[in-house]
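A.B. asks: In case you want the letters, here they are:
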Amino acid sequence: MTLSDHTLKEIRELPPKYPHIRSAVMPALDLVQEELGMLTQEAMTQVAQALQVDPGYVEGVATFYSLFHLEPVGKHHLYVCNNLSCQLRGAEELLTHIKESIGVSEYGQVSADGLFSVEPVECLGACEYAPMLRADHRFHYDLTPAKIDTLLKEWRGDREGKKARKEAHPRAGSH
Amino acid sequence: MPAATELRGSHGKAAGPVLTKDFGTADLYKLAVYEKIGGYQAWRKALTTMQPAEVTGEVKASGLRGRGGAGFPTGTKWGFLPPPDGGPRYVVVNADESEPGTAKDRYLMENHPHQLVEGILIACYAIQAHHAWIYIRGEYDLQHDLVAAAIAEARTAGYLGEQPLGTEFPIDIHLYRGHGAYICGEETALLESLEGKRAQPRSRPPFPAVKGAWGRPTLLNNVETLSTLPWIISNGGAAYAKFGTEKSPGTRLFTVSGDVQRPGNYEMELGKPFSHLINDLAGGPFPGHSIKVWWPGGCSAPVLTGEMLETPSDMESLAAIGSMGGSGGVIVADDRRCVVRCAYRLLQFYAHESCGKCTPCRVGGNWAVRTYERVLAGEGTAADLATFDRIQTGLAAGRCLCGLGDSAGWVIQWTMERFRDEYEEHILRHTCSVEAAARA
Ligand SMILES: Cc1cc2nc3c(=O)[nH]c(=O)nc-3n(C[C@H](O)[C@H](O)[C@H](O)COP(=O)(O)O)c2cc1C
Ligand code: SF4
Ligand code: FES
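In order, the protein sequence lines correspond to chains A and B. Here the first sequence is numbered in my numbering, starting from -2 and rising by one per residue. Here the second sequence is numbered in my numbering, starting from 35 and rising by one per residue.
Careful: at least some of the hints might be erroneous.
[Claimed, not checked] Listed next, the in silico DSS-like pairs over lysine-lysine satisfying Cα-Cα at most 27 Å (straight line):
(1) B:K64 <-> B:K79
(2) B:K47 <-> B:K64
(3) A:K14 <-> B:K231
(4) A:K14 <-> B:K245
(5) B:K231 <-> B:K245
(6) B:K391 <-> B:K231
(7) B:K79 <-> B:K94
(8) A:K6 <-> B:K64
(9) B:K47 <-> B:K276
[Unchecked claim] Derived coverage of chain A by chain B (criterion: at least 3 residues anywhere in the stretch with Cβ under 8 Å from a Cβ of chain B; other residues may be distant):
(10) 66 to 72
(11) 80 to 90
(12) 115 to 122
(13) 126 to 135
Keep in mind the hints are simulated off the structure, nothing from the lab. For glycine and all other residues, C-beta sits at the position ideal for the given N, C-alpha and C.
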């Protein structure tokens, strides 16, 4: 999968926003992931060319940070917090429930309909609402298996997901 | 864009005296509301009536100490920057908040973003920086957008930009998103990440004050630290120092989570006992249960026991019992919880988040995880007690480049120190009476 001309143009416009061109690499990878849902080898090479940095450098950055997807994920990728505060409030049970409900046996595996994948993550900074998860750039709080069922039902009706941040929070001022 | 959700913590009638004093005011995140309650008056006062050194002087007089983790005196830190040389210098805001059990910076950003923006402007003026960068963790989408909207509103109103309040002191505030790595909260790793690199801590010296972001003098402060500044400038450093203790002045926004009835973010004067925070403010343990173990400042602060709840919350009192104030994230676990299992969970965290730069941390974390797995599966042997000790001492005493390695070691060291019988029960008798009782 390669990038559209539109996204490449946006990437080429990034560098002047930063004191050094390297700082534009991660924002560029964000744009890639918004368009393709993941970082493909070809797209990372395109980013390297557009920003005139070494392709190995781009890959080195992409592999360090856990929010970058190097493998396909579902249209709705669920980041379920499983650090201590959430675990004390039942995160393990939720994770098991989610895996069963979407029909996957492993974390990171995409459901047969392509809609879902789930991943346990470290503290998301919303521990007073534990257990919680993040999906489509939003937080969901005070979760129970029943609440998960409601969310999954809602997401099943939304077959495209909301990869773009601007759609998740419409008034997003990009700065 | 509404504020995120129901407020859990200090707000309304139960608001704290400094950081959360206006929490509960409808639409607090909007500029018009903030102006109505006196917003940006501290900025006006600093920029138009005070010299930069006077601003730093007030912060020194307040005794404010950094709320990010290390508790370093803020005014002193500001004084470390070399005099302006005509080149760029930066204020970098640590909004990476990833310490387990800590959610207070999120609470401040999503409910009161203008208070933070005003604090950033004051810091920029004090150290004569024309650019600030907010490094915000990538998972904070709504919070990013609310802060961005606040910056845009403040720019339109003329509080920042080419000529803030008509003066010749241009300031711009930029946002930079993280991408999921706990280590980015460590200040030099944060700078590496801001420069677009893999986030591995730098060795110091040089310190960021001298050579920070893009090789230039940089002041790094936490969101809560900066959010305190408008109050200090409005009311004076001496007034702030009246709160709290002599060495830990002021108030702090604590996050309380885990096995309590009213988890939330509570502002409390430093020095008041943790029993007030946990029992009175956060509702205490669930009926029929008691608090067994708690972490006073994120899981990186050495663990304490239920008998220690009367410990005063100032940094000196915590240091006296071998712990620390850390991030202010208080994690509480009750008598149903197996300490060995909690420690296992935390070591998984440190092993996962190790940046891999130093060997004791990279290897020790994974080794500990494998040992915990064996022990929890009932396959431990007496040698494992020694193994835990070996890993823990290997991580201790400055053998690692940054605090992550130390913290991983402390989890092993202090859970073993304070709950030795639980470790022995698992390792020598292959049982867990705590979990058996909880299941019964
Ligand atoms: C492993 C590690 C993680 C850290 N994470 C954070 C964090 O998420 N937020 C933060 O403000 N400080 C964090 N710190 C502390 C920072 O390095 C730094 O001391 C702090 O941001 C300085 O700001 P302050 O003086 O206002 O506290 C962390 C430190 C270490 C060693
Ligand atoms: S202690 Fe761990 S996280 Fe810190 S620099 Fe060393 S390897 Fe990286
Ligand atoms: S532990 Fe789950 S949000 Fe902090």
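A.B. asks: Confirm or reject each hint.
C.D. replies: A quick look at each hint next to the structure:
Proposed proximity of K64 of chain B and K79 of chain B is supported: the alpha carbons are some 21 Å apart, at most 27 Å. About 21 Å separates the Cα atoms of K47 of chain B and K64 of chain B, which keeps this hinted pair within 27 Å; it holds. Distance check on the hinted pair: K14 of chain A and K231 of chain B sit about 17 Å apart at the alpha-carbon level, within 27 Å; holds. For the hint pairing K14 of chain A with K245 of chain B, the CA-to-CA distance comes to about 21 Å; that is within 27 Å, so the pair holds.
The hinted pair formed by K231 of chain B and K245 of chain B meets the criterion: a straight-line CA distance of about 16 Å does not exceed 27 Å. Under the criterion of a C-alpha separation no larger than 27 Å, the hint pairing K391 of chain B with K231 of chain B is consistent with the structure, at around 14 Å. For the given pair, K79 of chain B sits about 17 Å from K94 of chain B by alpha-carbon distance, which is consistent with the 27 Å threshold. Proximity of K6 of chain A to K64 of chain B is assessed by CA-CA distance (about 34 Å); at most 27 Å being required, the pair is judged violated.
Taken as a hint, the K47 of chain B and K276 of chain B pair is honoured in the structure, with Cα atoms around 22 Å apart against an allowance of 27 Å. Given as covered by chain B, the region 66 to 72 of chain A fails the check, having 0 residues with a CB less than 8 Å from a CB of that chain where 3 are the minimum. Residues of the region 80 to 90 of chain A with a Cβ under 8 Å from some Cβ of chain B number 6, which satisfies the need for three, so the listed coverage holds. Counting residues of the region 115 to 122 of chain A whose beta carbon lies closer than 8 Å to any beta carbon of chain B gives 5, which reaches the threshold of three, so the coverage claim holds.
Using a Cβ-Cβ cut-off of 8 Å, 5 residues of the region 126 to 135 of chain A lie near chain B, which meets the minimum of three, so the contact claim holds.
Of the numbered hints given earlier, the model fails hints 8, 10; all others are met.
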